[in-house]
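J.: What follows is each chain in one-letter form.
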Amino acid sequence: MARLNDDAQWIILMGFIVSFSFFFLALVINQSTIVGQTTAESVIEFPKNDIRDIREVIGESVKSDQIANINKDITFISMQRKSALVWYENDTGTNPTNIEIHYNNGVTSYNETWTLP
Amino acid sequence: MINSDGQLYTIEGFAAALIMLITAYLVVNATSVYTAGDTHINDMQLEALGTDALKMMDVAPNNTISTISGTPLQQILSATPVTPVNKAKFDEEFSTILHQGAFQNPNTIHYNATFTCRNSDNSTTPNLINSTRDLTGGEHSVRATKWVIIKDTNGNACDRDEEQAVLVEVLLWRD
Numbered sequence: 023m024a025r026l027n028d029d030a031q032w033i034i035l036m037g038f039i040v041s042f043s044f045f046f047l048a049l050v051i052n053q054s055t056i057v058g059q060t061t062a063e064s065v066i067e068f069p070k071n072d073i074r075d076i077r078e079v080i081g082e083s084v085k086s087d088q089i090a091n092i093n094k095d096i097t098f099i100s101m102q103r104k105s106a107l108v109w110y111e112n113d114t115g116t117n118p119t120n121i122e123i124h125y126n127n128g129v130t131s132y133n134e135t136w137t138l139p
Numbered sequence: 004m005i006n007s008d009g010q011l012y013t014i015e016g017f018a019a020a021l022i023m024l025i026t027a028y029l030v031v032n033a034t035s036v037y038t039a040g041d042t043h044i045n046d047m048q049l050e051a052l053g054t055d056a057l058k059m060m061d062v063a064p065n066n067t068i069s070t071i072s073g074t075p076l077q078q079i080l081s082a083t084p085v086t087p088v089n090k091a092k093f094d095e096e097f098s099t100i101l102h103q104g105a106f107q108n109p110n111t112i113h114y115n116a117t118f119t120c121r122n123s124d125n126s127t128t129p130n131l132i133n134s135t136r137d138l139t140g141g142e143h144s145v146r147a148t149k150w151v152i153i154k155d156t157n158g159n160a161c162d163r164d165e166e167q168a169v170l171v172e173v174l175l176w177r178d
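Protein sequences appear in the order of chains A and B. Numbered per this note's numbering, the first sequence spans residues 23 to 139. Numbered per this note's numbering, the second sequence spans residues 4 to 178.
Among the hints, erroneous ones may be present.
[Claimed, not checked] Below, a list of computed lysine-lysine pairs in the DSS-like style, where the Cα atoms sit at most 25 Å apart:
no.	chain 1	residue 1	chain 2	residue 2
1	B	Lys58	B	Lys154
2	A	Lys85	B	Lys58
3	A	Lys70	A	Lys104
4	A	Lys94	A	Lys70
5	A	Lys94	B	Lys58
6	B	Lys58	B	Lys90
7	B	Lys154	A	Lys85
8	A	Lys70	B	Lys58
9	A	Lys94	B	Lys154
10	A	Lys104	B	Lys58
Keep in mind that the hints were calculated from the coordinates and are not lab data.
Build the full structure now, drawing on both the sequences and the hints.
T.: See below:
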């Protein structure tokens, strides 16, 4: 019986390993675009500036003597120009200590009880 | 005599290493490809610039050296917004902040600024502050907003004449 020549087995195996490494590297490149896309979308959708801005104006508004009117301004304009539901309430009195803020724009909701120093 | 049985394996090992190195090089190099998701970097930069500019305009001047009360933005919004003086004042401040940089570059960022007040029937009306170019709808624009509380609203575009919060909205885009 003729002896089988298996000298090339290692070479074929190495060929497989190399081609598999190519395949996985291609997969990594392929997925990186999708990962970048989803990260970018979630970064854009998060209303960082909106929340900062609303906190700032609410903090300013409690110093005013037109609190009720400004509260309505913020609620109505937020709804109509930013599609964001904003509700806030503060302790009444000359020296308010707590402001309760709720913000929801359909994607992100933000709730805070702000204790004034 | 030296045994040279492994020569071919050695050469193949080198070849495989070379292929992997080239692949790694290609992968590292491929990061410079501009994917659709990367456009958010420019957008966020522009939005941050606009938000910062509005915030800077809503900082009151030093009272010890100036007798003007209120921030520049409050003064512009309290006055009648259609007057050319206030348009020019807004444009001068806002454009200057937007185009501050290391180079004396031309004005490449355009904007359309409006502010919204609440009317007494709880509807809202946007009023134009200034626009450097008419909107055609084809711009890739981002929005920066700023809430401002204005005290003296007599004679301005708002319906109610009392202290109130208004929303300044600026659409920004590059040429």
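J.: Does each hint fit the structure? Answer for all of them.
T.: Now for the hints, and whether the structure bears them out:
| no. | hint | verdict |
| --- | --- | --- |
| 1 | B:Lys58 <-> B:Lys154 | holds, 18 Å |
| 2 | A:Lys85 <-> B:Lys58 | holds, 19 Å |
| 3 | A:Lys70 <-> A:Lys104 | holds, 13 Å |
| 4 | A:Lys94 <-> A:Lys70 | holds, 22 Å |
| 5 | A:Lys94 <-> B:Lys58 | holds, 23 Å |
| 6 | B:Lys58 <-> B:Lys90 | holds, 18 Å |
| 7 | B:Lys154 <-> A:Lys85 | holds, 12 Å |
| 8 | A:Lys70 <-> B:Lys58 | holds, 14 Å |
| 9 | A:Lys94 <-> B:Lys154 | holds, 16 Å |
| 10 | A:Lys104 <-> B:Lys58 | holds, 19 Å |
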